[in-house]
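Sequence lines, in order, name chains A, B and C. Sequential numbering from 1 applies to the first sequence in our numbering. Sequential numbering from 1001 applies to the second sequence in our numbering. Sequential numbering from 2001 applies to the third sequence in our numbering.
There may be inaccurate statements among the hints.
What the hints assert, rightly or not - Straight line, CA to CA, 30 Å or less: simulated BS3-like cross-link-like pairs of lysine-lysine:
(1) K1005(B) <-> K2033(C)
(2) K2022(C) <-> K1062(B)
(3) K2030(C) <-> K1005(B)
(4) K2069(C) <-> K2030(C)
(5) K2049(C) <-> K1005(B)
To be verified - Partial selection, computed: residues in chain B whose CB lies under 8 Å from chain A:
(6) V1004
(7) K1005
(8) I1043
(9) G1044
(10) I1108
(11) G1109
Claimed, not checked - Pulled from the structure, derived: some chain A residues nowhere near chain B, Cβ distances all over 10 Å:
(12) M1
(13) T17
(14) R20
(15) D46
(16) E77
(17) G80
(18) D86
(19) S95
It is worth saying that the hints were derived from the structure and are not from the lab. In this text, a Cβ means the ideal position worked out from N, Cα and C, and glycines have one as well.
Spelled out, the chains give:
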Amino acid sequence: MLHTINRSPFENNAMETCIRFLQPGDPLLFIEDGVYAVQGGNRFSDLLESTLKTNPVYVLQPDLAARGISAVVEGVERIGYDGFVDLVEDHQVNSWL
Amino acid sequence: MEDVKKIMHVMRRAPHGSIYTYEGLEMILIMAAYEQDLSVAFIGDGIYALKKDQDTEGIGIKGFAKTFMALDGYDVEKLYVDEESLEERGLTEEDLLVDVEVLTSGEIGRLMNEQDVIVPH
Amino acid sequence: MNIGILLKEGPYNHQASDTAYKFAEAAIKKGHKVDAVFLYNDGVTNVTKHMDPPQDDRDIARRWNELGKEHGVEVLACIAASKRRGINDDVIIDGAEITGLGTLTDIAIRNDRLVTFGD
């Protein structure tokens, strides 16, 4: 199951809730305002780093660029919309709106 | 029964403050007629949709809490409630309108992974 | 792979419509079939025909219309959600259709994936 998160963790608990339900190995993809979660050195970096030990984490690069974010937590993989499609090829999707 | 898909609806928003829960319920009622393997998971504020004693008369919005009680009649019997969401809101099963299965996030997470389709509301 | 898309937010107010479009475009480019975009909640306002954004901005309704025409993507607005919001056949773009939630159920059943975008 691919889990997508599109809300900033600073205003919505989608990321924290999703991680609570996440099964080991399932990919997590941050899109739209969700991408603020993966910026290095923020309040959610520890949670993200521990998630990275069990789950692959992706972020939509065009959404990062649009928001002026370049530094992301190590281990988070940047992908484009084509990479998003690749993940959907391999997994059903659970959008944590 | 190969064509039967496992479809889970996920309710994460409180009722009344926005229309998502109500329109989600409308979708569930229609899908129920298609004889798929439907379930509904109530997580976070989604649980408030099942709270007893809701009276929307004063806010001028049609109430729909009782429609959740009718789901059983549409053969939508798999209603899952996240235990932690219930506890952190100071609620128990007694506060809910309908019979539900209270499960841990791990249990609901595993059920999510069995689904063909997940529809968030 | 056959993909259905469920879009739950209106245009411009939220990025959901843009992300859904970019995703659909990328999927088509990779050779996948995007079967339908089903509009629900405020998403039904994605296909109103009097949309008239400033010239330097994207025209969201026209974009859905073109995607539908060029790639055989059905663009469908839920009838119950549309009626509630004053959307009917008179105000939607050519190529979009108003249909019931049963159609969404069919889309969910017949496609390999249903991908939801919203708020």
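Inset, instruction - Assess, step by step, whether the Cα of K2022(C) is no farther than 30 Å from the Cα of K1062(B), and give holds or violated. - result: Given that 30 Å is the threshold and the Cα spacing comes to 37 Å, the pair is violated.
Legend entry - Straight-line alpha-carbon gap K2049(C) to K1005(B), limit 30 Å: The given pair, whose Cα atoms are some 35 Å apart, is violated under the 30 Å limit.
Inset, instruction - With 10 Å as the threshold, tell me whether E77(A) passes as away from chain B on beta-carbon distances. - result: 21 Å, holds
Inset, instruction - Go through the hint on G1044(B) and say holds or violated, using the shortest Cβ distance to chain A against 8 Å. - result: 6 Å, holds
Inset, instruction - For the hint on G1109(B), just tell me whether its beta-carbon gets within less than 8 Å of chain A. - result: With a closest approach of 4 Å, the G1109(B) hint holds.
Legend entry - D86(A) remote from chain B - nearest C-beta pair above 10 Å: 19 Å, holds
Legend entry - chain A contact restraint on I1043(B) - CB to CB distance below 8 Å: Since the shortest Cβ distance to chain A is 7 Å, the answer is holds.
Inset, instruction - Test the statement that M1(A) is away from the interface with chain B: the closest C-beta pair must be farther apart than 10 Å. - result: 5 Å, violated
Inset, instruction - Quickly compare the C-alpha distance for K2069(C) and K2030(C) to 30 Å and report which way the hint goes. - result: 18 Å, holds
Legend entry - Proposed interface contact between V1004(B) and chain A, which counts if any beta carbon pair is under 8 Å: 16 Å, violated
Inset, instruction - Have a go at the K1005(B) hint: is there a Cβ in chain A nearer than 8 Å to its own Cβ? - result: 10 Å, violated
Inset, instruction - For the hint on I1108(B), just tell me whether its beta-carbon gets within less than 8 Å of chain A. - result: 6 Å, holds
Consistency with the previously given hints fails for numbers 2, 5, 6, 7, 12, 13, 14, 19, ordered from lowest to highest.
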